[in-house]
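Line by line, the protein sequences give chains A and B. Taken in order, the first sequence gives residues -13 to 189; the numbers are from the numbering used here. Taken in order, the second sequence gives residues 2 to 353; the numbers are from the numbering used here.
Think of the hints as simulated: they come from the structure by calculation, not from any bench. We put the CB at the ideal spot given by N, CA and C, even for glycine. There's no promise every hint is true.
[What the hints assert, rightly or not] Stretch by stretch, here's where chain B covers chain A in the computed footprint (C-beta under 8 Å, at least three residues):
#1 37 to 48
#2 75 to 86
[As the list claims (entries may be wrong)] Distance condition first, Cα-Cα at most 25 Å in a straight line; then the derived DSS-like pairs of lysine-lysine:
#3 B/Lys87 x B/Lys77
#4 B/Lys77 x B/Lys24
#5 A/Lys157 x A/Lys169
#6 A/Lys173 x A/Lys157
#7 B/Lys73 x B/Lys87
#8 A/Lys169 x B/Lys329
#9 A/Lys157 x B/Lys329
#10 B/Lys147 x B/Lys87
#11 B/Lys329 x A/Lys160
So the chains spell out like this:
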Amino acid sequence: MDFRAVTFYFFAAIMVFAALRVITARNPVHSALFLVLAFFTAAGLWMLLEAEFLAIALVLVYVGAVMVLFLFVVMMLDINLDRLREGYWDYLVPALIVAGVMIAEMALVLGGRYFDLEGMPQPAPHAADYSNTRELGRLIYTEYVYPFEIAAVILTVAIVAAIALTLRRRKDTKYIDPAQQMKVRRKDRVRMVSMPLEKPSDD
Amino acid sequence: MNLAFVEGLIGVDGVTALWTLAKIVGITVPIILSVAYLTYFERKVIGYMQVRIGPNRVGYKGLLQPFADVLKLLAKEIIIPSGSNKFLFILAPVLSIMPALAAWAVIPFTPDLVLAKADAGLLYVMAITSMGVYGVIVAGWASNSKYAFIGGLRSAAQIVSYEIAMGFALVCVLMMSGSLNLSTIVTEQSTAWGLLGWNLIPLFPMFLVYFIAGVAETNRAPFDVAEGESEIVAGFHVEYSGTAFAVFFLAEYANMILVAALASLMFLGGWLSPLPSALADSIGAPWLAASGLPWLLLKIAFLLFCFLWFRATFPRYRYDQIMRLGWKVFIPLTIVWLVLIGGLMQFSWWPW
């Protein structure tokens, strides 16, 4: 077993453990943190497959942004664990069916004649100066430019829709426009009054 | 003892591993020492800005003050609050120091003085630094304290918001240099015109966005709502004491140095001299135009001084104003600049 294989099994073991803990941990915050560990280890595995751009993008997007927001929400929710856990036996049968179908599909793909190990020879490793990032960029912006742009438009529409759905204009907020704040000058706020030091006598 | 003997003892891979380990120590130890003296520098600078003297008792002019502080913190007891999550409570400082140090792996100090000449160096730095927020969130949650929790949540929202603007600013840099490799980004800025060739000139608004977002990412004043002393005591690290607190402190300052180093590399020409070679020759000092490590260190030191200057000058931002600045000012500005740079490059109206 060479160093590469040792690294692979090391990462794979951590990832399987983390993935199992995601669904078995009692505390939802622990589950979310184990999911972060699983993502990070997956990035390590992708790095082994010479897909460094995908690996870094996974850490940047999922670990760095998505899971932070996810954790943010999970921490603020006061989740009643007992209510979440009831109905285990009711859901068991449908869950087993879904799991069985998934296992059957995976077995078909992995065990099929066209997908065995001989059908997929190990790709030749690239030279050290091969830039995965550059190749991906070239493909995305030339060959797959329309699917890429369509995906971008769909995501933008989704963002606009999400904001439009949750936007409400409150009349009672004391919001101050910073531009107006900046425009204020001293003469708008302070009035200098010249007063005699002593009250002049009446007589 | 020569290298061949060691190779015979532990093999070629062993030598590579040991040599890499030595290089890692060679980068980490100076960073930790810089952190120690950055705290001293900060107290002195802010002291003089507020017409005080600052630390001046321990050692000559207070120069041993950082070590006194470290010894004091090491000797203190780590108190684990009741009802806290013990494992995560201890893990949080580690989560926060790890990215702050790991990011230095791809930072070049001179063209050859770099641990890993990674081709996707800029992406790596962004990915690793974006993990630093976990230390803050986990600390806030595991402390079982409302103040710490509020601090953690504020910090999470703030860091996620500013990361977008930061990312767009970096995209502009990468468009200018056509590479994600930090060494290439610096060499692309090298011209006979010195300062005029730096990315600072065409990307000046992006430099401001990057640096301000960097101040926000490191939770420094005026963006220090995560620890705002007057509002939530000390924010996410309110329950930490002793070494655990020291590690948070170390991470914050290491991140400051990292942001300053990245800004110097990407916008201020890294190790390049600001003087045009013709000018240096005409005043009879051609060594002034030579590039080298001192220039990079000078630029980093200047940016770090700006960090301290901001802290001594500006009052803390209100939370909603921070969000407005990030989302409504910086992100539109970066997108406009991105399109502008793209247009200039496309139609070759590019003087650089």
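So, going through the hints one by one against the coordinates:
Beta-carbon proximity to chain B at under 8 Å applies to 6 residues in the region 37 to 48 of chain A; the threshold of 3 is reached and the given coverage holds. A count of 0 residues in the region 75 to 86 of chain A with a Cβ less than 8 Å from any Cβ of chain B is obtained; the coverage claim is therefore unmet, three being the minimum. Restraint check: the Cα-Cα separation between B/Lys87 and B/Lys77 comes to about 18 Å, which is no more than 25 Å; the hinted pair holds. As the CA atoms of B/Lys77 and B/Lys24 are separated by approximately 32 Å, the hinted pair breaks the 25 Å bound.
Note on A/Lys157 and A/Lys169: the hinted pairing holds, with a Cα-Cα distance of about 23 Å set against a maximum of 25 Å. Taking the CA atoms of A/Lys173 and A/Lys157, the gap is near 29 Å; set against the 25 Å cutoff, the hint is violated. Using a Cα cut-off of 25 Å, the hinted pair B/Lys73 and B/Lys87 holds, with the two alpha carbons roughly 23 Å apart. Only pairs whose Cα atoms come within 25 Å are accepted, and A/Lys169 paired with B/Lys329 is accepted, the gap being roughly 19 Å.
Distance restraint check for A/Lys157 and B/Lys329: the Cα-Cα separation of roughly 21 Å lies within the 25 Å cut-off, and the hinted pair is therefore satisfied. The suggested pairing of B/Lys147 with B/Lys87 holds, with an alpha-carbon distance near 17 Å, which does not exceed 25 Å. At roughly 19 Å between alpha-carbon atoms, B/Lys329 and A/Lys160 fall within 25 Å of each other, so this suggested pair holds.
When each numbered hint is compared with the structure, violations occur for hints 2, 4, 6.
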